[in-house]
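Visitor: So the protein lines, in turn, are chains A, B, C and D.
Quick note on numbering: the numbering used here labels position 286 of the first sequence as 289, and the sequence is numbered without any gaps.
Quick note on numbering: the numbering used here labels position 145 of the second sequence as 148, and the sequence is numbered without any gaps.
Quick note on numbering: the numbering used here labels position 255 of the third sequence as 258, and the sequence is numbered without any gaps.
Quick note on numbering: the numbering used here labels position 137 of the fourth sequence as 140, and the sequence is numbered without any gaps.
Note that these hints are calculated values from the structure, not bench results.
Some hints could be false.
Same chains, same names: a pair is fine if it fits in one copy or spans any two.
To be verified - For lysine-lysine, the following DSBU-like pairs were computed, each having C-alpha atoms within a straight-line distance of at most 35 angstroms: (1) K60 to K219; (2) K465 to K98; (3) K439 to K281; (4) K194 to K464; (5) K227 to K439; (6) K194 to K439; (7) K465 to K68; (8) K227 to K432; (9) K68 to K432; (10) K60 to K227; (11) K68 to K219; (12) K219 to K432; (13) K432 to K60.
Since the structure is predicted, the reported quantities are computational estimates derived from the model, not experimental observations.
Number of protein chains: 4
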Amino acid sequence: MNPFDAASPFDARYYFADPDFFARLHPYVSEFAQVRYLARVEAALAETLAENRVCSKGVAEEIAKACAAVTPEEVYEEERCIQHNIRALVNCIGKRVSPDARRFVHLFATSADIMDTARALCLTEVTRNVLMPGLVALLRQLIAMARAHAETPQMGRTHGQHAVPLTFGFAVAQYVSRIGQRMETIDRAAKNLRGKFAGAVGAYNALSLLTSDPAKVEAALMRKLGLQPPDISTQVTQPEYVADYVYALASCWGVFANLADDFRHLQRSEIRELRDRKAADPNAAVVGSSTMPHKVNPKDFENVKSLWKAYVPRLLTVLMDQVSEHQRDLTNSASMRFVTEFVAAFAYAVHRLSGSLDAVEPDVARMREVLEAGKDPVTAEPLYVLLALHGHPDAHEAARVLARDARVQGRPLAELAASSREIAPYLAKLTAAQRKVLDDPARYFGTATEVTRALCDAWEKKLGSERAG
Amino acid sequence: MNPFDAASPFDARYYFADPDFFARLHPYVSEFAQVRYLARVEAALAETLAENRVCSKGVAEEIAKACAAVTPEEVYEEERCIQHNIRALVNCIGKRVSPDARRFVHLFATSADIMDTARALCLTEVTRNVLMPGLVALLRQLIAMARAHAETPQMGRTHGQHAVPLTFGFAVAQYVSRIGQRMETIDRAAKNLRGKFAGAVGAYNALSLLTSDPAKVEAALMRKLGLQPPDISTQVTQPEYVADYVYALASCWGVFANLADDFRHLQRSEIRELRDRKAADPNAAVVGSSTMPHKVNPKDFENVKSLWKAYVPRLLTVLMDQVSEHQRDLTNSASMRFVTEFVAAFAYAVHRLSGSLDAVEPDVARMREVLEAGKDPVTAEPLYVLLALHGHPDAHEAARVLARDARVQGRPLAELAASSREIAPYLAKLTAAQRKVLDDPARYFGTATEVTRALCDAWEKKLGSERAG
Amino acid sequence: MNPFDAASPFDARYYFADPDFFARLHPYVSEFAQVRYLARVEAALAETLAENRVCSKGVAEEIAKACAAVTPEEVYEEERCIQHNIRALVNCIGKRVSPDARRFVHLFATSADIMDTARALCLTEVTRNVLMPGLVALLRQLIAMARAHAETPQMGRTHGQHAVPLTFGFAVAQYVSRIGQRMETIDRAAKNLRGKFAGAVGAYNALSLLTSDPAKVEAALMRKLGLQPPDISTQVTQPEYVADYVYALASCWGVFANLADDFRHLQRSEIRELRDRKAADPNAAVVGSSTMPHKVNPKDFENVKSLWKAYVPRLLTVLMDQVSEHQRDLTNSASMRFVTEFVAAFAYAVHRLSGSLDAVEPDVARMREVLEAGKDPVTAEPLYVLLALHGHPDAHEAARVLARDARVQGRPLAELAASSREIAPYLAKLTAAQRKVLDDPARYFGTATEVTRALCDAWEKKLGSERAG
Amino acid sequence: MNPFDAASPFDARYYFADPDFFARLHPYVSEFAQVRYLARVEAALAETLAENRVCSKGVAEEIAKACAAVTPEEVYEEERCIQHNIRALVNCIGKRVSPDARRFVHLFATSADIMDTARALCLTEVTRNVLMPGLVALLRQLIAMARAHAETPQMGRTHGQHAVPLTFGFAVAQYVSRIGQRMETIDRAAKNLRGKFAGAVGAYNALSLLTSDPAKVEAALMRKLGLQPPDISTQVTQPEYVADYVYALASCWGVFANLADDFRHLQRSEIRELRDRKAADPNAAVVGSSTMPHKVNPKDFENVKSLWKAYVPRLLTVLMDQVSEHQRDLTNSASMRFVTEFVAAFAYAVHRLSGSLDAVEPDVARMREVLEAGKDPVTAEPLYVLLALHGHPDAHEAARVLARDARVQGRPLAELAASSREIAPYLAKLTAAQRKVLDDPARYFGTATEVTRALCDAWEKKLGSERAG
């Protein structure tokens, strides 16, 4: 078996192909990891049984040791015989312990108790140990970029058309805020994941043979694993906890897609407000096209968007999995397995976006150039507002007609405004400060700078000493 | 124009066709309502301007009056001329006020300031006034059903196969918990919706002509409308607030779909654990099929599931709308309009599900009959657990072989167990209480009753005196 | 009831708001139309019964007359009493005929026989009478544009970066080909729609009381309505026929979205290769922004993309509706109703895209200007290919290094190439024609012109005298 | 690297875990296979160049040999240096040939020429060599089952309620027809896949340096690979060809999901019309549940449905990939890679469904039992139709009232009908054959048998000697 045997492009192109990324994710998202998580839950269960005096502490330790040793190879081998993955695991653990300990392995549990708890545990840990540090690093990157360009004027664009100015830092600050809030959503959803230990139909049928307060035993097991106990379960945990979590990732990914789009559009040949650092590298060995030797392409940003397209529709799988008949049907079993791949791919998107951001730099001079070249029509907004403030009853229409005439006649709006008799009386009332705005619309970017700085301060404070990955 | 002119099946079949439902939703989701909400925001803006001494209080009142009077007919007429919906509204308001007041209408605002704020306001109000009361009523219905049947034994089913017992109330309690939690999610998302008043590119460009603290003015306007101020905006509000809200509804709808599926499967001819009340009505005039006169179908539950299929994929539209280039492109404008239809259809699903629940009743005797007929193999689980507790090292396998032989030979499992020499020594150790479980597996439903009651208590407490719709 | 009462934005904003569009679609997609189609199928059924001597020709005529007269108002009124839409229709028809005729109305049919056949009939006719003429007109528009600019050079763009040139007509020809092929797909899918007349579970149970060859009667009914008979049915027609049809529309819509994106990007302030005609209109009354009086936005193209986002995810509804238990469950009933709205919205997209195309014109001079400004690096491709042809073993790498150095040093690639000793020997071998390519890379657009013309010829021939809408 | 390192559940659980399946798919869907396909296209390109006298036949052979030898390991290694996958491949091929041959590798081609052609080739071959044989085998399985039970009466079910009878073979025949038609759709889509050799922006820019009829060269290359030439291309092949293909698979999968649902519902404990063969195996070692030793679950059918939920939403990715700006952006690159995984997973679903069908058998006696127990109300349909035929003006309503009374009073419908004065005169007119239908409604299954046989004949004829996999 080698990495090029994989059928999944995620495995082949992204996960196996990047050794660091692989090393970071493997403990959580590999099939190997899944078996480890299941075994950890079985070990915790044995420990819980010992605490409830069902078995001795020694037995629990024996089981824990076996759980730590069991391998996916033997589990899969056993599954091939008996056609049941969790009973296969249980049998493999059982073979590694004494006959007396064997009977306590998995006792009172249904497979879903182990699987759902293992999933919650795995997602909680991968979020805490991989996703959040990666996101924290990304957010710090964006904060640094926003701060550095809090005063860098840039033309604002709506509908792809020049609108009114802002600063580049302000444009970046949008992403600080949006990604920051999504991080909170992800964190909240991860911390709300639940396992269960309520048995085959959720009514603690088996566990009630032991105790009259089985929910207490379940809660103890969950706490041991750092999870919250569930409200009530069928054979499986309520599907909404995982759905909320996948939604949190999917909606964060949408913000990445937007950022990636914005940044690659700023690299368009005609815009060039962002520059690929390697385009300026006199020793670059990087190839942009196999036939056009001059090409330097924003392919990393494009990759982030493309992976979003590959993964975001899969949220529907999770939503379809909300429907499971009666105490559960198994049509959510195979499909739910893809959640860990979703997480791994999301982690890759964070990683790739972070690299993409490092690879570009704003071209401040070019931003200024674009703004200067386009600023004349921009005057129309402050002109309209100032006319209105000074008493013009139809200021928007007056400004619209002037702007239209300027465009059609190819003359500066400022010039047409200055020579208009109709608006002269209102212009005369302008204060010096107001006149200055009309004279240099390139500075007409409101409180972009202040907003950017305040927002960066606020998010940096929230991040506090949060560790970046 | 009449209701049968509509192209949308939602309008034609569900909304126009049910006068009460129409009356309840019309103030929020009609195109008429949209214009009303936009006008309300314009009025609040004028009031805010007056508070900031931009215009007089009298002017603000004049504008407020005009806003209250403006009709969709005139706005659409004006839009046909100038091709811009918000400027059309502004012009219509302007025509209804004095020239001096006219210049203050919409001043400092971009269209998205009005539209996004109006959307947030509308969704907040329809949630509070329609969705939540409907959901509260639904939850109370389910709580009542769960309580009434907390002790009604029922066969549990996984994979469509008899598993181990529970109570019908416990099965219903799952939905109390799931819908209850979704209500909290919906409520949280609704309360987190945001408007904005930050102008054309979000940097308060125009508003900065007035004040050095434009965010304060924005916050004041938001508070006046009962909304939270945003963190930062482009031309538009961050799309995640609405996405979270639509997700909350979509994921709640998935719970409805599951409930509808469960209940219609319990009505299957071979199961019949739920009964359609009208099937027992000696005067029923209802037709079940145009060719099979004997049919009584669970079509209302089917409708709830079907509408879920129609609407849940639309969540992807909202997620695609997260991507809007630079300070915004308009490719999210038409698509976002469908959010109000989504809300309306969700409200219909609540309404229809509630009616469906009223229309059925559990057949307790039939539940008992199914359980009695199927209870023998159920013994396998407690048998396995008790054998293990009493020292059998391979209890699951022993019980599996007995259950298999019982199935293949067509003999009772209890009988085979009783006559097995291999397990006799362990059975001999059973306590009286344990033996009783094996003797009557129909009572083997764990703490189903207790869990159900505790959960109903908890949710009823949370609901408190919450008004039902 | 008025148009502003609608909850569906499609009804309110697009369908009711555009009288011509409404008039064109209403006969097919309104609820009124649905009732008409159902009644037409009932009439055809009566006629078929007469042909099979079940009833007299006079009875069939009586029924046909009643079918033509029945109104949605009375059908909905009846449905409110008996809770069944098709039996309601049947009763309303029955009330309009003599008692002896009444018994033949709907005889042998199940509701789905009527509904599925009506749907197939409606979709066939709306495709033939509305969609195809609209698409033919759109295709002719694109052909005209492609032809007119078959020789207009334009910079090619990949990854948003200047690549190598083509002609604007060639870029448009892509859409001629893609939309042309989608039209064929739509046409094929529409012609493959099926009705059925096989009764409650598809086995012709009732009809077998009449004849031993019921499939022949079904086929006769289908032919009478211009439809193909089905292979085999359950209670409902196989869902794949409608799925194929909706897919055909959805995938055509994707091409529109791509075209809309391309055209709006060409209107970007920095590119300006396409021009909005109204931007040059000295009398334009159109408003682009409620606060930025200078704005002229490509909002119609944006609308086409936005509606695509609103509708394309709904294809999943149709695919979910493929699953219907046993001889059918009804969870596909409400959801399938949205197919006609999908068709109506698609028709609107065709209409809107067609208008958008009329509203813009290429700015040939600007295309040339962009191309001239960017043409130097373009030389890298022909340089590489010609070096290779003339014997350079690593021509791509040589050209890449030259292009990189040109970029880093800010010098013309042509100049660097001319002064390179390493490549001089190969350059010396160039023919005059080859040298000319390097000297004017703006003419390096291959057979763009010829391909465009040949393709336009081919599609025009295929269209033949096809009527445009 | 071992199989348990994979993050993709498809790789880990299904593809790597089943050696036969892996062996069958690996030549088409592994990353190894992707490199092989790319190299094959490069070899064919060299051959085409030789045919056009660009290089010698010897050079082409040298390149072909290198293409056959190149390994993914070296390509990935090279890609790490130059950051371009196709140029990496080209360099690796180049290193394996003489300097003079090297310059002809990839000449005139852009990366997408190779990648898109390789994809078309791969999908064509995997369809022909793996998918179609698997589908043929599946269809033959279903035909055999339909034929064997063409006369086995079964209760028909709509809305989960007993409707009127059919035969089990007839129910299976639906899937023969639906899957058969989908196979035709898949085959048609596969045969319509296209490659391209039109260069960087589709205008044959580079190839025009060689010839004035570059499309002819492209067509020759395509034919050499067994592909059709495209109409026109940008940098990439038109996306609709692959979209049609993925849609064909997705819609076929929907039929599988429906079949899987039907069959697992027939295995419900209360229905039991289908039987798991292993449930009757006296030596079965298979475990159904890790806690309920008696369980035998239809988990293979559940798996087929679950994988459908995992994959069908991904069709949207393909539809989103229809939008690629201008001559292409790269946001469709990563996402398109998942198409081969989709194909592999579809192949797995075919394989798994086929195994699932082998594992079950209809319980004919139980089908008869269910039908006998439920047949009385079924009489209502033939009763209504016969009453109508014999002159009753309101036969449906009369039958409905009788059926309702029978249900409410718990009396046989036949008895109530017999004792009704109102319908007596009509019943008196019944022929003996008609009376027989009412007396034994279990035989009221129309032409189910004949339809089944004719349909099986027709599909078997279509299959002809088609090889099964």
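Visitor: Hint by hint, note whether the structure agrees.
Guide: Now the hints, each set against the structure:
In this assembly of identical chains, K60 and K219 lie within 35 angstroms of each other by CA distance solely inside one copy; the values are 19 angstroms within and 63 angstroms between copies. In this assembly of identical chains, K465 and K98 lie within 35 angstroms of each other by CA distance neither inside one copy nor across copies; the values are 50 angstroms within and 49 angstroms between. In the homo-oligomer, the alpha carbons of K439 and K281 lie at most 35 angstroms apart only across protomers (31 angstroms), although the nearest pairing inside one protomer, at 40 angstroms, exceeds that limit. When the C-alpha separation of K194 and K464 is checked against a cutoff of 35 angstroms, the pair qualifies both within a copy, at 21 angstroms, and between copies, at 24 angstroms.
When the C-alpha separation of K227 and K439 is checked against a cutoff of 35 angstroms, the pair qualifies only between copies, where the shortest distance is 33 angstroms, while the shortest distance within a copy is 66 angstroms. In this assembly of identical chains, K194 and K439 lie within 35 angstroms of each other by CA distance neither inside one copy nor across copies; the values are 53 angstroms within and 41 angstroms between. Proximity of K465 to K68 under the C-alpha cut-off of 35 angstroms is found in neither arrangement, the shortest distances being 41 angstroms within a copy and 44 angstroms between copies. Taking the closest pair of Cα atoms, K227 and K432 come within 35 angstroms of each other only across two copies (32 angstroms); inside a single copy the shortest separation is 73 angstroms, beyond that limit.
In this homomeric assembly, K68 and K432 come within 35 angstroms of each other (Cα to Cα) only across copies, at 30 angstroms, whereas the closest approach inside a single copy is 86 angstroms. In this homomeric assembly, K60 and K227 come within 35 angstroms of each other (Cα to Cα) only inside a single copy, at 15 angstroms, whereas the closest approach across copies is 63 angstroms. For a Cα distance limit of 35 angstroms, the shortest separation of K68 from K219 inside one copy, 26 angstroms, qualifies, whereas the shortest one across copies, 61 angstroms, does not. In this homomeric assembly, K219 and K432 come within 35 angstroms of each other (Cα to Cα) only across copies, at 27 angstroms, whereas the closest approach inside a single copy is 77 angstroms.
In this assembly of identical chains, K432 and K60 lie within 35 angstroms of each other by CA distance solely across copies; the values are 23 angstroms between and 88 angstroms within a copy.
Checked against the numbered hints listed earlier, the structure breaks hints 2, 6, 7; every other hint is satisfied.
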